[in-house]
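Take each chain as given, in its own frame, and dock them per the hints.
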Amino acid sequence: MEETKVNIDIIFKIAAIGILVAVVNHVLIRAGRDEIAMLTTLTGVVIVLLMVVNLINDLFNSVRSIFRLY
Amino acid sequence: MFLKVASSIAIVVCCTLLGMHMAFRYKQRIYNIRVLQSILANLETEIVYYSTFLSQAIRNSIKALDGDWKTFFAEVADILENKKEYSLTEAWAKSLNKIQKSPYIGKVELDIMYRFGLQLGSSDRQNQQKYFKIVQQQLKTEEENARQLHLRYGKMYRSLGLLLGLGIAIILF
Numbered sequence: 060m061e062e063t064k065v066n067i068d069i070i071f072k073i074a075a076i077g078i079l080v081a082v083v084n085h086v087l088i089r090a091g092r093d094e095i096a097m098l099t100t101l102t103g104v105v106i107v108l109l110m111v112v113n114l115i116n117d118l119f120n121s122v123r124s125i126f127r128l129y
Numbered sequence: 004m005f006l007k008v009a010s011s012i013a014i015v016v017c018c019t020l021l022g023m024h025m026a027f028r029y030k031q032r033i034y035n036i037r038v039l040q041s042i043l044a045n046l047e048t049e050i051v052y053y054s055t056f057l058s059q060a061i062r063n064s065i066k067a068l069d070g071d072w073k074t075f076f077a078e079v080a081d082i083l084e085n086k087k088e089y090s091l092t093e094a095w096a097k098s099l100n101k102i103q104k105s106p107y108i109g110k111v112e113l114d115i116m117y118r119f120g121l122q123l124g125s126s127d128r129q130n131q132q133k134y135f136k137i138v139q140q141q142l143k144t145e146e147e148n149a150r151q152l153h154l155r156y157g158k159m160y161r162s163l164g165l166l167l168g169l170g171i172a173i174i175l176f
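Keeping their order, the protein sequence lines are chains D and B.
Residues in the first sequence are numbered consecutively from 60, following the numbering used here.
Residues in the second sequence are numbered consecutively from 4, following the numbering used here.
Honestly, I wouldn't trust all of these hints.
[To be verified] Taking lysine-lysine pairs in the DSS-like style, the calculated list, with each CA pair at most 30 Å apart, reads:
id	chain 1	residue 1	chain 2	residue 2
1	D	K72	B	K7
2	B	K66	B	K86
3	B	K66	B	K7
4	B	K7	B	K73
5	D	K72	B	K66
6	B	K136	B	K73
Quick caveat, the hints were computed from the structure, so don't treat them as lab data.
In isolation and in its complexed conformation, chain B is listed as follows (with noise of 0.2 Å):
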């Protein structure tokens, strides 16, 4: 009897901690595209009123912020600094492929990323302050977006790993 209501109980915490875990996905999703935002933001002016090279300005950058996609910009400047055979674009693709399997980043800012990474560094400071403008809106809709999505399915997700954990426990009761 004991056992049964001990593994009950265990398989209850483990559901809710679950639901808990897909729930703060959402809510990390939010964090990380405000942190690209500021990253974004700093490089912008690093690249286009200071004019530092592309791999110390990301450093700069990327100072005091944390988060997945300062990992990314980390790698970025590694490989640009490291190993001078990459183009810059390479380099951009092979630093997104690896953070692609993050469960904290969304398609989407994968794929305005990847278009940005295409066009960085290749005109000239109005154009590039352009395209930083473009990025920006386009990464503020995504969070917006991203914010809907957490309303809706972050709560879903809470009570629903609860529930679940209890079906669990008590049909196997």
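So that you can see chain D by itself, here it is in the shape it has in the complex (with noise of 0.2 Å):
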């Protein structure tokens, strides 16, 4: 129960996290700057990445120990 909890929580940050990428990144771009912009972008996908990679670390150990391929 506890894990299904925190895992709603983290895909609610993320999708909060998409939401205010995508508005800087408009604003930015609006303003002329679509370096920053770009820049932006990335650092979001890599904060996203960052918390989530312990999940996907969990997918690879479950398909792991599902198929046997120690």
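If you want it as structure tokens, here you go:
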């Protein structure tokens, strides 16, 4: 039960970050700073990846243990 | 939980204020350029038509105004009145150095004023009037530039401040 709750939380967090990065991107492009807009997008992707990397690790471990690929 | 919410709100408010401050810099720069233009117009009248001493002319022309350039001109007048060993060029450069760090003054205005300082008081009236005209023209162009920058980046900084605050709050939450 605890596990699912944490997962739901992280999904909302990632969604919020995605919306924010989209808006920041839009604002920066409107102001004519395309390079910085690109940089923000990259930063957003990296932050979300850092948040998700543990979960991906869990997923791989599960796959390995299900198919017995030690 | 309460602490978390309170600190998040604090972060958002701080970042918003920072963004507004950054936007305010552009606005204040326009204001400073306008003040500089009127100071120079007053100074031109004092020099060309009244022929007052420079320190007194400066004091008369900054009387009803404010802003960063007023401090600059007051400083020049102070140096001219109190320390007789400084020439005008030296006083000008010294005061410019002092005002350089103000966030509300652009580099272009500083350059314009530096070059103007080299020519102030170095020739007869007609020539001085010409220099005043040239500087006024340059300042007008620069004011237009500053206005465009304000339109372009003022809004951006204001919304970026709020959004960055929200981002940090969400990431840390």
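Structure-based check of each hint:
no. : hint              : verdict
1   : D:K72 with B:K7   : holds (15 Å)
2   : B:K66 with B:K86  : holds (22 Å)
3   : B:K66 with B:K7   : violated (52 Å)
4   : B:K7 with B:K73   : violated (46 Å)
5   : D:K72 with B:K66  : violated (57 Å)
6   : B:K136 with B:K73 : holds (20 Å)
Checked against the numbered hints above, the structure violates hints 3, 4, 5; every other hint is satisfied.
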